[in-house]
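Residue numbers (the numbering used here), protein chains in the order written: chain A, 1461 to 1804; chain B, 1461 to 1804.
Heads up, some of the hints might be wrong.
Treat identical chains as interchangeable: a pair holds within one or across any two.
To be verified - Subject to a maximum C-alpha distance of 30 Å in a straight line, what follows is the list of computed DSBU-like cross-link-like pairs (lysine-lysine):
| id | residue 1 | residue 2 |
| --- | --- | --- |
| 1 | Lys1718 | Lys1470 |
| 2 | Lys1469 | Lys1512 |
| 3 | Lys1649 | Lys1613 |
| 4 | Lys1613 | Lys1469 |
| 5 | Lys1512 | Lys1770 |
| 6 | Lys1770 | Lys1613 |
Derived by calculation from the structure, the hints in this document are not laboratory data.
Keep in mind it's a predicted model, so treat the numbers as computed, not measured.
There are 2 protein chains.
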Amino acid sequence: MATIRDVSKKAGVSVATVSRVVNSTQWVAPETRARVIDAMDALGYQPNSYAKALATNRSDILGMVVGDLSGPFFGDLMGRVELEARQQHRHVLITSGGLNREEELDAVDFLLRRQVDALILHVDSMTDADLHALARRTETPIVLINRFVPELKDQCIHVNNELGGRKAVDYLLAQGHTDIACITGPLYKSDSRARLHGYRQALEGAGLTFSESMVVEADYMEPGGSDAMARLLDRGYPITAVACGNDLMAYGAIRLLKDRGFSVPGDIAVTGYDDIVMSGYFEPGLTTIHVPVGDMGTQAAQLAVALAEKRVPEVQHQFNPDLIIRDSVQPLDTSGHKKKIHSL
Amino acid sequence: MATIRDVSKKAGVSVATVSRVVNSTQWVAPETRARVIDAMDALGYQPNSYAKALATNRSDILGMVVGDLSGPFFGDLMGRVELEARQQHRHVLITSGGLNREEELDAVDFLLRRQVDALILHVDSMTDADLHALARRTETPIVLINRFVPELKDQCIHVNNELGGRKAVDYLLAQGHTDIACITGPLYKSDSRARLHGYRQALEGAGLTFSESMVVEADYMEPGGSDAMARLLDRGYPITAVACGNDLMAYGAIRLLKDRGFSVPGDIAVTGYDDIVMSGYFEPGLTTIHVPVGDMGTQAAQLAVALAEKRVPEVQHQFNPDLIIRDSVQPLDTSGHKKKIHSL
DNA sequence: TTGTATGCGTTATCAG
DNA sequence: CTGATAACGCATACAA
Chain A
1461 MATIRDVSKK AGVSVATVSR VVNSTQWVAP ETRARVIDAM DALGYQPNSY AKALATNRSD
1521 ILGMVVGDLS GPFFGDLMGR VELEARQQHR HVLITSGGLN REEELDAVDF LLRRQVDALI
1581 LHVDSMTDAD LHALARRTET PIVLINRFVP ELKDQCIHVN NELGGRKAVD YLLAQGHTDI
1641 ACITGPLYKS DSRARLHGYR QALEGAGLTF SESMVVEADY MEPGGSDAMA RLLDRGYPIT
1701 AVACGNDLMA YGAIRLLKDR GFSVPGDIAV TGYDDIVMSG YFEPGLTTIH VPVGDMGTQA
1761 AQLAVALAEK RVPEVQHQFN PDLIIRDSVQ PLDTSGHKKK IHSL
Chain B
1461 MATIRDVSKK AGVSVATVSR VVNSTQWVAP ETRARVIDAM DALGYQPNSY AKALATNRSD
1521 ILGMVVGDLS GPFFGDLMGR VELEARQQHR HVLITSGGLN REEELDAVDF LLRRQVDALI
1581 LHVDSMTDAD LHALARRTET PIVLINRFVP ELKDQCIHVN NELGGRKAVD YLLAQGHTDI
1641 ACITGPLYKS DSRARLHGYR QALEGAGLTF SESMVVEADY MEPGGSDAMA RLLDRGYPIT
1701 AVACGNDLMA YGAIRLLKDR GFSVPGDIAV TGYDDIVMSG YFEPGLTTIH VPVGDMGTQA
1761 AQLAVALAEK RVPEVQHQFN PDLIIRDSVQ PLDTSGHKKK IHSL
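Let the sequences and hints guide you as you build the complete structure.
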């Protein structure tokens, strides 16, 4: 490996001059510059990234931790983060946090020890307090994806979950449904609460009363969605539609509904949330809320490098989700021959 | 940030001693060792990774390039690569290659300039010659996933695609089908050719004759699968089953079949290849060939660090795919009232 | 068992 | 516009 010194000798200049032409950080006379460039590609010179990092105290590496790499939409997220990073001549070091708080904390430490220039976090289990503590413990800039922590609001790239919840239920209402149940994610998570709140707002906005008996809490997983749906049915209240906190739970709910002999959307309409790829292939095509994860990834990467360079960032912090209409919702059939679901 | 020098002063020893206890590379007297450790966590000492990398000429970073981060099964792959890397105290720097050769080459260069300890490549478009040239151009160890290049065979983690193709068709044969068509991926790719070869072997193994007129080449994409299916039908030969080169093309084929009024698997059986997550949700559930991408990721990571440490690696190079039976194949109905498909 | 001194390849500060 | 040289923080050969 040729070093900067080799180049300087070959070009008959000092290492400082070589450094200057490499980084174009100062003016260099055209002819010496040319000599240096010739020497560089004669030797196939590549600057040593370790030495550079040591001298400048920055590595051009962004650290990223995500809850679960093999999950359904992290691909989109990371793909876009990486793309943006590359365009800004940065690299991304990836770590999967696993599911629990300890693993997420470990992942963060792992990256911090590595002295990344900035941290992009997509974490579920770390608490707001953890995040807050982390932010004041380290100098490293931190960007939070899909999360809103008030004290760190300038570092958050998040989505309006309340609006998303509302959009789904508004659509159900527009189709004539009024007996609308809700399957939420774990309510200790703020996004679950926000989506539920959107559900309630939509209901009340339509002059209906919100009732605890129509909502059940689950775990964002498919079997959990089935269980929740079963509990809902067993309560015996009439239901013509169910708004689910994410797509996976919607799959579970639909599966159980089919098992019990209901048709979806014929007897009961179901909506999801997230619009993961599978939802377009699911039968029936799932009507759901699309979250622009890709765009959020791009913004997160931009914010991260801006922060790393101590620039004032110009980024979009909040994104709006969109309703994706497919086949799992039908206008309410008011002709009267509707199956009375609580009689099963 | 406390440096090794700060620690040495506080503990009243030399920097060399501190280095020795940090890396446990030599014996240190228990009491001095204790003093050093106390000093370390009194100061919250963290070794500087850049300096360490510069001095040792290794970064403990594995570089990885994948064709498309947001694709369906890269999540599983990367998740496992990252997990294994972390367990071996390595990090992974990820780059997505995009779809064409130039981007893949760029991605590799990007990582090479970074001086990663090893490279894990999951690339489609780079040619065998590119890979071969790359291997002799750089000192950096290279591991190839899902690819077999004879000259680099000890660095390949691949799957037996011929066997996979054979398993799918053997199953179709066992269900009584004999008029079996095949939709392949681009035949310039060796895995497409291998799967096709498996198809042919199975046919001939059953005493049937292979015919060009029953195979059509497509592009591994869903619309391509539809087009290919249409071409196949338009040729007018009788067909009761179709073996597709991947799941996406199977989706496309099934969609077209449904559009033309056929039932799957009632009229025509379809198999896929890859077993991406969606296939379990697809309607009908897709019978397909499962490729153990996760396990391959683990092996690739192990191989990469072994190579980086100049150890003789003990890894499994070839993996066998498995048949996953779901609902898109039915035993051939020989009762005679079968729809004559070429009459449409 | 421990300490000293040098090198790793750059950047950046100061002179010239 | 260019050159000399001191950091940067750690590992390691060589001494003690």
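Right, here's what the structure says about each hint:
1. Lys1718 with Lys1470: For lysine 1718 and lysine 1470, neither the intra-copy (77 Å) nor the inter-copy (70 Å) Cα distance is at most 30 Å.
2. Lys1469 with Lys1512: both (20 Å within a copy, 27 Å between copies)
3. Lys1649 with Lys1613: within (17 Å within a copy, 48 Å between copies)
4. Lys1613 with Lys1469: Cα proximity of lysine 1613 and lysine 1469: none, with 52 Å in one copy and 41 Å across.
5. Lys1512 with Lys1770: Result: close both inside a copy and across copies, 19 Å intra and 26 Å inter.
6. Lys1770 with Lys1613: Result: close within a single copy only, 17 Å intra versus 47 Å inter.
Of the numbered hints given earlier, the model fails hints 1, 4; all others are met.
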